[in-house]
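**Student:** Got chain A; can you put chain B on it based on the hints?
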Amino acid sequence: MQIPVQKIRVVAGTPIVVGERRLLPSVLVTTVEGGKAGEGGFFRFVKARPVSLVVQEPEGARWLEIPNVTANTLSQMAAAGAAIALVSVLLMGLFHLMRKR
Amino acid sequence: MDELKTLLEKIGSIGDEINVDAVFGKPETVGDRVLIPVAEIAYGFGAGLGMGGQGECCCAESGDKEACCCADKDEAGACCEHDESCECECHAEGAGGGGGGGGGGVARPIAYIEVGPDGTKVEPIMDEQKIAFAGMLLGAWAIAWVGMVLVTLFRAIAGRE
Chain A
1 MQIPVQKIRV VAGTPIVVGE RRLLPSVLVT TVEGGKAGEG GFFRFVKARP
51 VSLVVQEPEG ARWLEIPNVT ANTLSQMAAA GAAIALVSVL LMGLFHLMRK
101 R
Chain B
1 MDELKTLLEK IGSIGDEINV DAVFGKPETV GDRVLIPVAE IAYGFGAGLG
51 MGGQGECCCA ESGDKEACCC ADKDEAGACC EHDESCECEC HAEGAGGGGG
101 GGGGGVARPI AYIEVGPDGT KVEPIMDEQK IAFAGMLLGA WAIAWVGMVL
151 VTLFRAIAGR E
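So the protein lines, in turn, are chains A and B. Note that my numbering has the first sequence beginning at 1, numbered continuously upward. Note that my numbering has the second sequence beginning at 1, numbered continuously upward.
Calculated from the structure, these hints are not laboratory results. In this text the structure is predicted, and so the values were computed from the model without any measurement. Treat the hints with caution; some may be incorrect.
On the chain A side, residues computed to face chain B include the following (Cβ under 7 Å) [said to hold, decoys possible]:
no.: 1; residue: P25
no.: 2; residue: I84
no.: 3; residue: S88
Beta carbons: idealized from backbone N, C-alpha and C, even for Gly.
Just chain A, with the same shape it has in the complex (with noise of 0.2 Å):
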């Protein structure tokens, strides 16, 4: 059985032309994947996230992030959990010292 492989990389979009606009995105792709098609079995994963946008306009270009809201909100509910987590291990275990006391 192969080791799954993973692959990231960014990927640049094909150029969106809107009137005198032109937006070049950019994608981050992650793949795994494992085994090969002739050879028994294999598996692919494939997730593409956008990443940025370039605008060129006639007064220059700009750089613009496409934040993912949800997924960004997410990560910070589970960080505020494993805090309270935390600091309620850290209390329980200062009651505990001074119950023995």
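**Tutor:** Same frame as chain A, now just chain B:
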């Protein structure tokens, strides 16, 4: 079986052909603005095939299985002769193979790009349902921990008295 292998190899190369441009949707004109949907996409698939058995060797004329034997397993179908008086041949009965596969994908909108007379901007889209569910889970998690801390505190106070 070769056809199945070829099919699997073709399925395996699908991922290479899928364009990253699938992330950015077709621009739509709404009034004097152009909206471009942006989504996060993920897909996965897997397939496998297997072969089992190698058929049975038997005497071509009498059908006697005792007179012949199958040679080494990696040489499927090869027969070796025990009895020189008969010609051994392999019958496909008992040999078999199969394959299967599956896959799926998901696309979730995360933002849209608005190109208007006042410039280009990215408007994020929040999945409120997911955030609300996560918020409820976080609330329950916090209540559980606070409860455990309070119980420990009360026990500590009772222990000192």
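**Student:** Grab the minimum C-beta distance from A:I84 to chain B and call the hint holds if it beats 7 Å, violated otherwise.
**Tutor:** holds, 5 Å
**Student:** When the nearest CB of chain B is found for A:P25, is that gap smaller than 7 Å?
**Tutor:** Interface hint status for A:P25: holds (5 Å vs cutoff 7 Å).
**Student:** Mind checking the CB of A:S88 against every CB in chain B and telling me if the closest is under 7 Å?
**Tutor:** holds, 4 Å
Hint violations for this structure: none, all hints satisfied.
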